[in-house]
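*Asks:* Numbering (this note's numbering), first residue to last: 1 to 699.
Simulated from the structure, these hints should not be mistaken for laboratory data.
Please read all numbers here as calculations on a predicted model, not as lab measurements.
Keep in mind that the hints are not guaranteed to be accurate.
[As the list claims (entries may be wrong)] Capping the alpha-carbon separation at 25 Å, the derived lysine to aspartate or glutamate pairs in DMTMM-like fashion look like this:
#1 332 - 312
#2 433 - 466
#3 33 - 11
#4 239 - 270
#5 535 - 497
#6 407 - 377
#7 421 - 365
#8 52 - 143
#9 130 - 162
#10 239 - 228
#11 25 - 70
#12 137 - 168
#13 84 - 377
#14 332 - 365
#15 631 - 669
#16 535 - 500
[Said to hold, decoys possible] So the derived label-pair ranges between C-beta atoms look like this:
#17 26 - 174: 34 to 40 Å
#18 693 - 329: 55 to 61 Å
#19 645 - 544: 37 to 43 Å
#20 10 - 137: 37 to 43 Å
#21 329 - 412: 56 to 62 Å
#22 342 - 26: 30 to 36 Å
#23 476 - 645: 50 to 56 Å
#24 515 - 342: 41 to 47 Å
No residue lacks a Cβ here, since even glycine has one placed at the ideal position from N, Cα and C.
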Amino acid sequence: MNPQHRAFFNEVVKHTRELNIQKGKTLHAKIIKAGLSSSVYMANCMVNLYAKCGHLPDAELSFDQIDGKDVVSWSCLINAYSQKGGVESSSAVMGLFSRMRAQNTLPNAHTFVGIFNAMSNSCDVLGGRKAHSLAIKTDICWDVFVGSSLINMYCKLGPIDDARQAFDRMPERNSVSWATMVSGYAMHRMAVEAVGVFKLMMQCQQERENEFVLSSVLSALALPEFVDIGRQVHCIAIKDSLVWIASVGNALVTMYSKCGSVRDALQTFEMSSDKNSITWSAMITGLAQSSNSKEALTLFSRMHYCGIHPSEYTFVGVVNACSDIAAIVEGKQLHCYLVKMGFENQIYIITALVDMYAKCGSIDDSRKGFDYLQEPDVVLWTSMIAGFAQNGDNESALSLYGRMEAKGIPPNELTVASILKACSSLAALDQGKQVHARVIKYGFILEVTIGSALSTMYTKCGSVEDGNLVFRRMIARDIVSWNAMISGISQNGCSNEALELFEEMIMEGIKPDAVTFVNILSACSRMGLVERGWKYFNMMSDVFAIAPALEHYACMVDVLSRAGRLIEAKEFIETAKVDHGMCLWRILLSACRNYRDYDLGAYAGEKLMELGSQESSAYVMLSKIYTALGKVDDVQRVMRLMKLRGVGKEPGCSWIELKNLFHVFAVGDQMHPQITEIQAKLQILTKQMIDEGYRPAYD
DNA sequence: TTAGGGTTAG
1 MNPQHRAFFN EVVKHTRELN IQKGKTLHAK IIKAGLSSSV YMANCMVNLY AKCGHLPDAE
61 LSFDQIDGKD VVSWSCLINA YSQKGGVESS SAVMGLFSRM RAQNTLPNAH TFVGIFNAMS
121 NSCDVLGGRK AHSLAIKTDI CWDVFVGSSL INMYCKLGPI DDARQAFDRM PERNSVSWAT
181 MVSGYAMHRM AVEAVGVFKL MMQCQQEREN EFVLSSVLSA LALPEFVDIG RQVHCIAIKD
241 SLVWIASVGN ALVTMYSKCG SVRDALQTFE MSSDKNSITW SAMITGLAQS SNSKEALTLF
301 SRMHYCGIHP SEYTFVGVVN ACSDIAAIVE GKQLHCYLVK MGFENQIYII TALVDMYAKC
361 GSIDDSRKGF DYLQEPDVVL WTSMIAGFAQ NGDNESALSL YGRMEAKGIP PNELTVASIL
421 KACSSLAALD QGKQVHARVI KYGFILEVTI GSALSTMYTK CGSVEDGNLV FRRMIARDIV
481 SWNAMISGIS QNGCSNEALE LFEEMIMEGI KPDAVTFVNI LSACSRMGLV ERGWKYFNMM
541 SDVFAIAPAL EHYACMVDVL SRAGRLIEAK EFIETAKVDH GMCLWRILLS ACRNYRDYDL
601 GAYAGEKLME LGSQESSAYV MLSKIYTALG KVDDVQRVMR LMKLRGVGKE PGCSWIELKN
661 LFHVFAVGDQ MHPQITEIQA KLQILTKQMI DEGYRPAYD
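Let the hints inform the model, and build the full structure from the sequences given.
*Replies:* Right under this line is the structure:
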């Protein structure tokens, strides 16, 4: 080769390495002028230069002009497309590969690397297997690059066992093959297997751990039960000085956050000297997901102050933090900021915004976000459905789910849980049953989320038996499932069964929480079981170390008052070790009215007056008690106080939905078109009630 | 003296 040719080659290589397309193009012109473009070797270099610089059409043009394309020409273009990614590129690769074979050019290891990479983006497992068998026939699989690409392909396409088989059969492995296998297991959330391969690698004399394998194994360990192994990997990273590499630090931050050790995550974050946008995003997301949302917002400000540009991941994390604490002002500011940065078309961002606006009660803004995208994915549909349900618009939740089904988008577990919640609120048993049919059709397992939602739906719709059937068939139950079932049974008037279920739960070794005790104390109250009420109330702190909160005291006052043990209730309130404000006295006052214990009622009422109650019912009840006691002066005093304090009496109001029409009734209101018939019917009912022995309250 | 594989944030 003459010196001029050599100089050209060196220059192409240099421009390719520096991705300098301008200089590359100028050089291309010089090469044509020098009559060197007919050299296949030189033309291949030009195809590669254009491909590496991201100019695929120019690469293809140069490729088309090559006379006598060799395996390098084909492989160059195949790899250019496979690196571009996406389903379209993988079909372009397969097209090129057929053309190459039609021209009798034999593929080599470079070609197969491109083929396997393209297939890994294709969702075509069968196509992947065909390519694999062709590589075996061509006797190419021994190559360590081909092997790693093959493992990667099977990991991404799904059949992870095939990936492992390919890994086990490799005659030679290097750090990339180990890292690919570990990251494959991490991708499939197979922590035990990922750690297994990592340990094998550590035992292997030729291999040393590197940042790729460490970050992969750490991402597999991001579950609370693996935090101890995660710490051991952290030690290895420190020992090998790999902890200072950003990707390892980032993986550690995420691992600790997801394991529930936010403190460790923060410590790792602060110690990291090589923070990039990912590090900040990981920490912000970690804080938001561990109910430290205010800290997440503060960290975002700090990131901004440090001059680090937020990515779409950062915005997802920080917008989710706003959702968590319903910070609408900050949420809107972020919305403006991310539009300025050009992220408003990203589906993850839109989903986070829809969720944020719904949790902040701005359901119209959620709807705008949802309508913004032509083709929402299942997560976005679910966020919008859940948003409607959270805001009490259960009809819209159901109708949107109908649209989603009509579009043929299969729901996921969270969609089903949200829609079941809407059915529960509407007591829509028929629709709930249809959703249950979908659960069976899609083969969803009755794990905690779906099982609890389903059993709650049945009990809220009054079908305790079906609720129980679902509850019994669940493969796993957490405290939320038990609480939901206990409360559901109790609300259907089966308080005895609710208490039995609680005893069963204790026998199974499930530790009750504060919600459980609210449920069972309410059941005791409904059944008038004072002694059991006391037993459970004391059990909370004595056996389960749960400090009774205001709602437990309220339940206990209710237990005592409903059973007519009013003095005991009064003493209980006065010795309560909780800042009870007015809530407990109000319960007692109401009970005194029902039991006509006017002296004690007056005592409770005066307590409420002393505490400055703003509730009209307290003033009305107390004045009625004084009326009954014949204390006219006190009646006038209470009414004056009510006026002085500006307490308005809100008119009692109720409504009923019949055939999609709401009928609203307020006290003293004569607006309803059928009011005469309604009042006549009420008189008949009242008479019937008195005849059957019921006595209406004194007012 | 041309072409190839692995990581971390939703």
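*Asks:* May I ask which of the numbered hints given earlier this structure violates, with the numbers listed in increasing order?
*Replies:* Of the numbered hints given earlier, those the structure breaks are 15, 21, listed in rising order.
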